[in-house]
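Number of protein chains: 2
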Amino acid sequence: MQTIYQQMDSGELAQTIASLKDEVAAAKARGLALDMARGKPSPSQVDISRPMLDILGADSDLHDGSVDCGNYGCFEGIPSARKLAGEFLGCPAEQTLVLGSSSLLIEHDIVGTFWRCGTCGSEPWSAYAAAHEDKPVKFLCPVPGYDRHFGITEDLGIVNIPVAMTEDGPDMDEIERLVASDDSIKGIWCVPKYSNPTGITFSEDTVRRLATMTCAAPDFRILWDNAYCVHDLYDEGDELANIFDIAHEAGTEDRVVAFASTSKITFPGAGIGFVGASPAVLAEFAHHLKAGLISADKLNQLRHVRFLPTLDAVREHMKKHAEFLRPRFECVEQKLAEGLGSTGCATWTHPRGGYFVSFDGPEGSAKRVGALCAEMGVRLTTVGATWPYGEDPHDTNIRIAPSYPTVEELSAALDVLVLAVKLVSAELAAEALE
Amino acid sequence: MQTIYQQMDSGELAQTIASLKDEVAAAKARGLALDMARGKPSPSQVDISRPMLDILGADSDLHDGSVDCGNYGCFEGIPSARKLAGEFLGCPAEQTLVLGSSSLLIEHDIVGTFWRCGTCGSEPWSAYAAAHEDKPVKFLCPVPGYDRHFGITEDLGIVNIPVAMTEDGPDMDEIERLVASDDSIKGIWCVPKYSNPTGITFSEDTVRRLATMTCAAPDFRILWDNAYCVHDLYDEGDELANIFDIAHEAGTEDRVVAFASTSKITFPGAGIGFVGASPAVLAEFAHHLKAGLISADKLNQLRHVRFLPTLDAVREHMKKHAEFLRPRFECVEQKLAEGLGSTGCATWTHPRGGYFVSFDGPEGSAKRVGALCAEMGVRLTTVGATWPYGEDPHDTNIRIAPSYPTVEELSAALDVLVLAVKLVSAELAAEALE
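As they're listed, the protein sequences go chains A and B.
When we follow the working numbering, the leftmost residue of the first sequence carries the number 1278, and every step to the right adds one.
When we follow the working numbering, the leftmost residue of the second sequence carries the number 1278, and every step to the right adds one.
No lab work stands behind these hints: they were computed from the structure.
Hints may contain errors.
The calculated DSS-like cross-link candidates involving lysine-lysine, where the alpha carbons are at most 30 Å apart (straight line), are [said to hold, decoys possible]:
hint, chain 1, residue 1, chain 2, residue 2
1, B, Lys-1612, B, Lys-1597
2, B, Lys-1305, B, Lys-1644
3, B, Lys-1360, B, Lys-1597
4, A, Lys-1567, A, Lys-1298
5, A, Lys-1412, B, Lys-1644
6, B, Lys-1596, B, Lys-1298
7, B, Lys-1596, B, Lys-1360
8, B, Lys-1567, A, Lys-1412
9, A, Lys-1305, A, Lys-1612
10, A, Lys-1567, B, Lys-1412
11, A, Lys-1567, B, Lys-1612
12, A, Lys-1644, B, Lys-1412
13, A, Lys-1360, A, Lys-1567
14, B, Lys-1305, A, Lys-1567
What the simulated footprint calls covered on chain B by chain A, stretch by stretch (three residues with Cβ under 8 Å from a Cβ of chain A suffice, anywhere in the stretch; the number is not a length) [what the hints assert, rightly or not]:
hint, region
15, 1313-1322
16, 1384-1390
17, 1426-1437
18, 1489-1497
19, 1561-1569
20, 1575-1589
Here a beta-carbon is modelled for each residue, glycine too, at the ideal position from N, C-alpha and C.
Starting from the given sequences, assemble the full structure and let the hints guide the process.
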């Protein structure tokens, strides 16, 4: 794709750059301070869940069935919360644990357990690494993807291998080719619905191929972080196939470990976290986790299930969230289309849910765009973070997190982003002429 | 020490045993079902903290200073809670993290980090273990001690070495001798105040010797679980020396990692957990933990600090707990003194705080006593659990957890325990005559 700047002669380009620089100077003078760095709901959006804080009071019954939520015990989570967890994850309640406020921490712990102890009788991943000096343990990372996922495997010393995202999810031809012959590839990170940051939902074919593909490693694990399973922007949400059902049918159910939480449903960082897996994998994880945990915060579990007792109640609640998020996503779409649609400088995704839009500018532009936005007072997610080790090889990708600012602030921030992309694209074109 | 049964001739002994067996049969017929297995507060005791559930409501200000507790961020814990954590642990607030509801899980995670990554530049403990096939990594475990501590190191494959408790804390002569020459001994588990289960508080001399002793392992760590730091039964509580001050003076502050939580202050399993360490150790732990945690549940932190804003408020609250616990501990003391005081069959501790009484019967008696109590409907902590691997070499120790039953139930349970100890002691004496 040629940008409009690449079609200009050097004089026209110089004039355009000068004019864009004037606009940048004017933007700097406005002294903006806007944050589009992380996928945080805005304070007013969070306020939707404030009624939950009234649910438990001094006189409340603190029992869930026969479980006293105000005392020790019930390691696996309270029955009502496990029921909800099963509905979130698409597996039987008995195959879930409801734990503390962070599903990321559960992911961290379970991958750490595979590393230290192995899974389903295979040697620990750390032992595999020690025995194969020239063949480190590897993980597949769909890119652009979620930096904190990549950080968990990186911290363990697992080598993160990027795999391209397509419109249907990660590139399955490439994945099937890789895992078929290399037993050092032990897993893949997935955000299967409204992926972070592309917003893409894996197609049924992708889900099926992931669940049924032939893996050289018998202990290959799909880390299925269904973080946005109910986070639709529109009444008609994307449909995600149930990977547990497909895996169960194919006899590969030990392969799937699924996660979700209420962090972006009730209070970010103060929700309840869910994990679901096959009976065997759940039992081995519970065995090790029990060494350090008597029980998670069951009062918060009780508060949640009384506020949101069923998946239908959750869906109703999510509609209120969508009212905040929809205008923000639509603002992103509109501003980018208006500002860059005819420039040939950029492509971006059009999510129908989740928290992010993935944006790609010309090769070699993203870091410069990020720096220029910062100079103009707009903070983006660290550019490159959507790739393992922060290394986007073509330096094109930017994650847009539109949820936190007001629509007015977001609009101003996108003006800045559009301007930065234009100037950097023009400068790149000029540099290519030199 | 001779028991009264050892002083009897065989005829007298046979008669005594027959009479005790009649009493056991009568007790069985009563069909008791009492639980003294774990250190759980009773439901009425937990109710003391119910007003905390009214603290946060839909209209509350959810900020702690500038921190929005209802959104992501503030990994290290909210400022007010860190201040309280510093007061609990005896170190500056900046040297603390306030995390989720379980301090045990923090202990699990930090020992896991030392195992996988090492500490302060030393090789990972797992690497040490791999490099010294004949010299496994070891941990010192004061006995009788806390089974869940031993379980954490056992789960990692660390070898637990028992060290005797004295009236002043663990046997420091033995500990100094062991750690001076053996660099495979990487740490010690301590419950320094009202130890689980002896109720002993470490003397100032013990604290000083632990903090200043010469360790062959440069990465020796004291896991200082100050679980009962404010859990006094009487106005005049035991005094525990501040190990951070002593270590700081001695230049050994990297050696100390301290823990506490509000689990037995507010709601068991739904409190907030604290960790304190030197700046270097805290930073390295935070670095790895951050790979899996954005932030802990700050709403629960806020709820806690608004309910218990200062250490003085905590102490006032603890007086209410003491009103429940004191009569239970006094019941244990009275029943044991009345029932066994003149028999020579048993010794036990006389704690002024905490949750447990440690009881020792004749050699070879404890497992049989535990089984006999179970037959009579009284469940004790699994006998042997106070020793690493559940192996009490002399089979004498029983942990008494008097907090959960009512005083009446407890009284009945202790009658059963006394009866069981008498019968087993008499049978042991008879078996020795054979």
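Satisfaction of hint between Lys-1412(B) and Lys-1644(A), Cα-Cα up to 30 Å
Measuring from Cα to Cα gives roughly 50 Å; hence the hint is violated.
CA of Lys-1305(B) to CA of Lys-1567(A), is that 30 Å or under?
Roughly 34 Å between the alpha carbons, so the hint for Lys-1305(B) and Lys-1567(A) is violated.
Is it true that the CA of Lys-1567(B) sits at most 30 Å from the CA of Lys-1412(A)?
holds, 27 Å
Does the alpha-carbon distance linking Lys-1360(B) and Lys-1597(B) stay inside the 30 Å limit?
holds, 23 Å
Compare the distance between the alpha carbons of Lys-1567(A) and Lys-1612(B) with 30 Å, and conclude whether the hinted pair is satisfied.
violated, 35 Å
Agreement of Lys-1360(A) and Lys-1567(A) with the hint, judged by alpha carbon distance not exceeding 30 Å
Within the cut-off at roughly 21 Å; holds.
Okay, the region 1384-1390 of chain B and chain A, do three or more residues pass the C-beta test at under 8 Å?
It holds, with 4 qualifying residues against the three required.
Is Lys-1567(A) close enough to Lys-1298(A), meaning Cα to Cα at most 30 Å?
Violated, because 59 Å separates the two Cα atoms, which is more than 30 Å.
When I compare C-beta atoms, does the region 1426-1437 of chain B have three or more residues closer than 8 Å to chain A?
This one holds; 5 residues, not fewer than the three required, reach chain A with a Cβ under 8 Å.
Coverage assertion for the region 1489-1497 of chain B with respect to chain A, Cβ distance below 8 Å, three residues required
Since 0 is below three, the answer is violated.
Distance restraint between Lys-1596(B) and Lys-1360(B), which requires alpha-carbon spacing of 30 Å or less:
holds, 22 Å
Coverage claim, chain A over the region 1313-1322 of chain B, checked by counting residues with Cβ within 8 Å (three needed)
holds (count 4)
Hint violations for this structure: numbers 4, 5, 6, 11, 12, 14, 18, all remaining hints satisfied.
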